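Visitor: Protein chains in written order, with our numbering: chain A, 1 to 297; chain B, 1 to 302.
By construction, these hints were calculated from the structure, which means they are not laboratory data.
Quick caveat: nothing in here was measured; it's all calculated off a predicted structure.
Treat each hint with caution, since some may be false.
Chain B side only, calculated, beta carbon under 10 angstroms to chain A, not exhaustive [said to hold, decoys possible]:
{"hint": "1", "residue": "Y82"}
{"hint": "2", "residue": "Q97"}
{"hint": "3", "residue": "L108"}
In silico DSSO-like pairs for lysine-lysine, Cα to Cα no more than 27 angstroms straight-line [to be verified]:
{"hint": "4", "chain 1": "A", "residue 1": "K46", "chain 2": "B", "residue 2": "K142"}
{"hint": "5", "chain 1": "B", "residue 1": "K110", "chain 2": "A", "residue 2": "K47"}
{"hint": "6", "chain 1": "A", "residue 1": "K202", "chain 2": "B", "residue 2": "K142"}
Every residue gets a Cβ at the ideal spot worked out from N, C-alpha and C, and that includes glycine.
Each chain, written out:
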Amino acid sequence: MTDQGAVFDLGYVPYEGERRGRRGALATTYRDGIARVFGVRRRARKKVLPWILLVISVLPAVVFVGFAFLLSTFAPEAESPFGGHAEYFAITAATVFIFVALAAPELLIPDRREGVLAIYSSRPLLPDDYVMIRSASLLTVIAIFMLAPQVLMYIGFAALDDAGFFSALVTNAGEIPKILLATGVYALGYAPFALLIATITKRRGAATGTYLGVVFIGTSLAAALLEATDLPGRRFAALLAFADHPGHVSNWIFGTSGLDDNVVATAGLDPWVSLVTILAIAAVSGAVVVWRYRRLM
Amino acid sequence: MEGAAILTARDLGHAYGSIVALHSVDFDLPPGRIGLVGANGAGKTTLIKILLGILTPTVGTASVLGHDATKDTLEIRSRIGYMPEDDCLPLDINAAQFLVQAAGLAGLPKDAARQRASDVLTLVGLEEERFRRIGGFSTGMKQRTKLAQAIVHDPELVLLDEPTAGLDPEGREEMLDLISRLGGFGINVLVSSHVLGDIERTCDRVLMLDGGRVLDSGALSHFIDEDVVDVETIDDPDAFVQHMIARGANVESSGVHVRVSTAHGDPFDLVRDALAATGTGIRSMGPKSTSLEDVFLGRSGS
Numbered sequence: 001m002t003d004q005g006a007v008f009d010l011g012y013v014p015y016e017g018e019r020r021g022r023r024g025a026l027a028t029t030y031r032d033g034i035a036r037v038f039g040v041r042r043r044a045r046k047k048v049l050p051w052i053l054l055v056i057s058v059l060p061a062v063v064f065v066g067f068a069f070l071l072s073t074f075a076p077e078a079e080s081p082f083g084g085h086a087e088y089f090a091i092t093a094a095t096v097f098i099f100v101a102l103a104a105p106e107l108l109i110p111d112r113r114e115g116v117l118a119i120y121s122s123r124p125l126l127p128d129d130y131v132m133i134r135s136a137s138l139l140t141v142i143a144i145f146m147l148a149p150q151v152l153m154y155i156g157f158a159a160l161d162d163a164g165f166f167s168a169l170v171t172n173a174g175e176i177p178k179i180l181l182a183t184g185v186y187a188l189g190y191a192p193f194a195l196l197i198a199t200i201t202k203r204r205g206a207a208t209g210t211y212l213g214v215v216f217i218g219t220s221l222a223a224a225l226l227e228a229t230d231l232p233g234r235r236f237a238a239l240l241a242f243a244d245h246p247g248h249v250s251n252w253i254f255g256t257s258g259l260d261d262n263v264v265a266t267a268g269l270d271p272w273v274s275l276v277t278i279l280a281i282a283a284v285s286g287a288v289v290v291w292r293y294r295r296l297m
Numbered sequence: 001m002e003g004a005a006i007l008t009a010r011d012l013g014h015a016y017g018s019i020v021a022l023h024s025v026d027f028d029l030p031p032g033r034i035g036l037v038g039a040n041g042a043g044k045t046t047l048i049k050i051l052l053g054i055l056t057p058t059v060g061t062a063s064v065l066g067h068d069a070t071k072d073t074l075e076i077r078s079r080i081g082y083m084p085e086d087d088c089l090p091l092d093i094n095a096a097q098f099l100v101q102a103a104g105l106a107g108l109p110k111d112a113a114r115q116r117a118s119d120v121l122t123l124v125g126l127e128e129e130r131f132r133r134i135g136g137f138s139t140g141m142k143q144r145t146k147l148a149q150a151i152v153h154d155p156e157l158v159l160l161d162e163p164t165a166g167l168d169p170e171g172r173e174e175m176l177d178l179i180s181r182l183g184g185f186g187i188n189v190l191v192s193s194h195v196l197g198d199i200e201r202t203c204d205r206v207l208m209l210d211g212g213r214v215l216d217s218g219a220l221s222h223f224i225d226e227d228v229v230d231v232e233t234i235d236d237p238d239a240f241v242q243h244m245i246a247r248g249a250n251v252e253s254s255g256v257h258v259r260v261s262t263a264h265g266d267p268f269d270l271v272r273d274a275l276a277a278t279g280t281g282i283r284s285m286g287p288k289s290t291s292l293e294d295v296f297l298g299r300s301g302s
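Just chain A, with the same shape it has in the complex:
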């Protein structure tokens, strides 16, 4: 032990470590986007809705697998009243739709309103990078919402299959590309338009309301026009049924178009028309968002 001590003032220490430049800026923006939409490092009220929606998205899959387990144990000959992967997309679509309506404004609007874009503009990041990475964050979270229950079902049903777990995994492998494609279609069907609304709206609540309103009103209007008029070509009013296009294409991918009872299917539009509509809306939305951010940053 010593009775003497010394205080060393190290002062300012220059940084001489690694600098990752644009790669580091992209990774940081991507992580921030994911954390932001789930309310990570934010107040509790920011976490509530996204996590509730995620639970709502996954919970039915747990019920499906649990019910299948009970049937396989107590009534092996009975058919499960629940469907498979295609039907589950219709279930998660609603929660994903609401989640996207909340997440897209959260990703874009605070940075603009609080002036944080000025910080991004001073870092090794271009406007196109910012838009691309924010979009990637949203698409990732949509994929989590859609794929998590699908993976749970895929593994759960394989575990209950009489042919054995690994054999069932291999046998059902044909479903995997369909699941991935359908996820991509839903992501493209919902995210770009939500990002467009978030780009041209100043407040988060207004953006969420506008997005939900435009999609609901468009779909309702399409249904009303289909029912109320006898005009030739009225079936093309179904193009306004923004909410229904992804499901129409998803059922086409899974070969379950016969199950379709939405506005687009009722109008008799081919699934490829829905796919082209989705791609066109995504392209126009993406172009407007990029144009706007090139002016802002």
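Start from chain A and add chain B according to the hints.
Guide: Quick look at chain B alone, frame taken from chain A:
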């Protein structure tokens, strides 16, 4: 001795539609603490945005740390920091989280970003507040957070746009003190301000803009003559004035008010000797420091 220029401009111009914000701007600014001086609308923020690569000049070229400001935007942004004049802070996260994010955006790995964030928050005096949400910060704390994000990645050059805007006198003193210390950390500084006293306090070189043109540029000492004495006499100062002129002093007089400066030596000694030799009585005498503001107003014709 001055090193190679860290900021240069050649015939630089920028227009927003029909409004010309910068016109034929030329400069070579060496390392150090540089004050960018001008009234509101002089083109200061436009110049900073061109240097950051946010705006593309309509004509001419600019370079930062030897890189073309238009072509090498990402390389430049990796090596400089920027403190905007306006709000730029996320209000719903704490200062430590924001600083880690700001360092990550500049390309620092996660662990290094955390360490730098902690160090820099301590440096700007926010170590006690690092886990408080920025939304609850005072204006002074927000300004210090803005400065912290600008230097968290240890840039070679930091651009500060009106860093004392909105601060009370105490906050202003603290901010000017921090800016003055940056040079000692090896960080070159460009401070944009219309408060010329701030530039005098923090900078050793000045670039004056007026109406989008360069009014003047040079070392601060080139602009400010600190050895000027103001004297107010009781009676007619004519004999006193003639005595000093005969000894080579520069003298301006108006009634009983006399302003004296000398090319060499202490003007106070000369005034004292002249007062004694001519028996002139005085009401007051004191130093008159020519401020940057006087220089700017004189040259801009305002």
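Visitor: Does each hint hold? Answer for all of them.
Guide: Here is what the structure says about each hint:
Interface restraint check: Y82 of chain B against chain A, minimum CB-CB distance 4 angstroms, threshold 10 angstroms, status holds. Satisfaction of the interface hint for Q97 of chain B is found here, the shortest Cβ-Cβ separation to chain A being roughly 5 angstroms, below the 10 angstroms cut-off. Against a cut-off of 10 angstroms between C-beta atoms, the interface hint on L108 of chain B holds, since the closest Cβ of chain A lies about 7 angstroms away. With a C-alpha separation of about 23 angstroms, the suggested pairing of K46 of chain A with K142 of chain B holds against the 27 angstroms cut-off.
Among the hinted pairs, K110 of chain B with K47 of chain A is consistent with the structure: their alpha-carbon atoms are about 24 angstroms apart, no more than 27 angstroms. About 23 angstroms separates the Cα atoms of K202 of chain A and K142 of chain B, which keeps this hinted pair within 27 angstroms; it holds.
Every hint from the earlier list agrees with this structure, and none is contradicted.
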